[in-house]
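These protein sequence lines are chains A and B, in that order.
Using the working numbering, you'd call the opening residue of the first sequence number 179 and step up by one each time.
Using the working numbering, you'd call the opening residue of the second sequence number 213 and step up by one each time.
Any given hint might turn out to be false.
As the list claims (entries may be wrong) - Partial list, derived from the structure: chain A residues whose beta carbon lies under 10 Å from chain B:
(1) S180
(2) V213
(3) K217
(4) T278
(5) R359
(6) L361
(7) G363
(8) Q366
Derived from the structure by calculation, the hints contain no laboratory data.
In this text, a Cβ means the ideal position worked out from N, Cα and C, and glycines have one as well.
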Amino acid sequence: MSLEFVRPGSIEEAIAILERGGDDAKVVAGGTAVVIMLKEGFIAPNLLVDVSRISTMRGIHDDGDGLRIGAATTIHEVLTSPVVRARFPELVSMLGRVATIRIRSRITLGGNLAHGDSRLDPAAFLPALDAEVRLVGPGGERWLPVADLFVDELTTAIQPAELLVEIRIPDPGSTSRVTYRKLVGQTQDDYGVVNVAARIDLEGETCRDARIVLGAVASTPIRVPEAEALLRDARPSADLIDQAADLARAAADPVDDLRGTAAYKADMIVVEVRRALTALAGDLAGPPPASGAGGAGR
Amino acid sequence: MTRQGSASDRRPEPVPVASPPGMQVRFELNGSQVELDVAASDVVIDLLRDRLDLTGTKSGCGIGVCGLCTILLDGLPASSCLLLAPMLDGRRVTTIEGLGADGRLDPVQAAFAEEQGFQCGICTPGQVLTASALLAVDPEPDEHRIRDWMAGNLCRCTGYASIVRSIQSAARALTDNPTLPETGAPEPGP
Chain A
179 MSLEFVRPGS
189 IEEAIAILER
199 GGDDAKVVAG
209 GTAVVIMLKE
219 GFIAPNLLVD
229 VSRISTMRGI
239 HDDGDGLRIG
249 AATTIHEVLT
259 SPVVRARFPE
269 LVSMLGRVAT
279 IRIRSRITLG
289 GNLAHGDSRL
299 DPAAFLPALD
309 AEVRLVGPGG
319 ERWLPVADLF
329 VDELTTAIQP
339 AELLVEIRIP
349 DPGSTSRVTY
359 RKLVGQTQDD
369 YGVVNVAARI
379 DLEGETCRDA
389 RIVLGAVAST
399 PIRVPEAEAL
409 LRDARPSADL
419 IDQAADLARA
429 AADPVDDLRG
439 TAAYKADMIV
449 VEVRRALTAL
459 AGDLAGPPPA
469 SGAGGAGR
Chain B
213 MTRQGSASDR
223 RPEPVPVASP
233 PGMQVRFELN
243 GSQVELDVAA
253 SDVVIDLLRD
263 RLDLTGTKSG
273 CGIGVCGLCT
283 ILLDGLPASS
293 CLLLAPMLDG
303 RRVTTIEGLG
313 ADGRLDPVQA
323 AFAEEQGFQC
333 GICTPGQVLT
343 ASALLAVDPE
353 PDEHRIRDWM
363 AGNLCRCTGY
373 ASIVRSIQSA
383 ARALTDNPTL
393 PETGAPEPGP
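Produce the entire structure from the sequences given, and follow the hints as far as they go.
Given below as structure tokens:
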């Protein structure tokens, strides 16, 4: 079997090629995941459709309410972008945890999501920011929350002949605090044992909204709505954070692998969620104000 | 990447392709233009070693983890075991053979020799190229940045301390005498 490689010049051309190619065609950008899967015999396409140089799928701009990132923009380009560095320092530090410079220089943000691997860092982080992806197919385009992109292991909601062309990350706003934690067991560039993205939106001492997303501990990244509901309209105290961490553990479905047993990972979910929320809550997670302090405030 | 689902019960029409299976790629290799007939499935590490006789690039894990096969693509490190030949088209490729000139070591190579940044040497081409790329974008990296960039270039001999020292020494040498090799990435744009 021979493999063919095409480089369409536009999104429309790419979609037309994918539509004609059907199951035999595979989208490729940075190539990291695709080449490994080819070598392992996990996929056997006869046509690779390289979208990495489609200009309308590349670049970063600030649309006033958030960032729009072309799906074929590399992770390295995103994390060295002055716009991103100024507006989304947490995004930069999360992307800095992705693999190594050799991989970051090649892989694209869109390809990273479209691979559908819950262990990859953006897969857990972007749902915490309510990020969305734009999908274009033969029938037109649609926006989908990143949280809904993941269907099962290496399986996404992207339809045949549909192309993930853009990622939009809404500005979380000044009352929002966001963090990402990645526990690695062996080397810095490994996949996480447990990945945790968390966000709380604070009004005074009250958490108005929250996001808790776990990566690497289920077949998809998972939000923990029970823990988010617990924190909503409450003071994020140490006690509440402990309860939220337990709910996160209950929501996950980790498996035994070379990065740890399922039981170990479940324990680490509690630890990492607690650390993430404690960091976000800051002083609020400390001991509650002593009773009878007379409203002296902090 | 996307799994293409099972929607096409109909037999797909033949796909028109821009290039036949045997395709041509043109790229800059260590400062010279090359033009090659390749198969789309040719992996770059094999192309370099077997077709172009550039055996300085070493072959290791084959899955992008070990760093032995590192080359620079448009000035940034890349694993040549994870690149297909067509991906080089129009790009600038630097292998370890592209450093130094007239039989002289380039400053990063010299620093690795002086500071004993290698023992058996198999990881050294990848280490030196990655370090060169780093120094091209950041002439004075702190130790944290050095270790971040060098992560995933596995060395089973040195324990890494001498590699970090080599890069710090190269940084000093290059800052004192800025004759950076032409391997660097352009500064990131907006």
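Here's how the hints hold up against the structure:
1. S180: Status holds, d = 4 Å.
2. V213: With Cβ-Cβ at 5 Å, under 10 Å, it holds.
3. K217: At about 7 Å, which falls below the 10 Å cut-off, the nearest Cβ of chain B leaves the hint on K217/A intact, so it holds.
4. T278: Result: holds, 3 Å to nearest chain B Cβ.
5. R359: violated (17 Å)
6. L361: violated (16 Å)
7. G363: violated (15 Å)
8. Q366: holds (5 Å)
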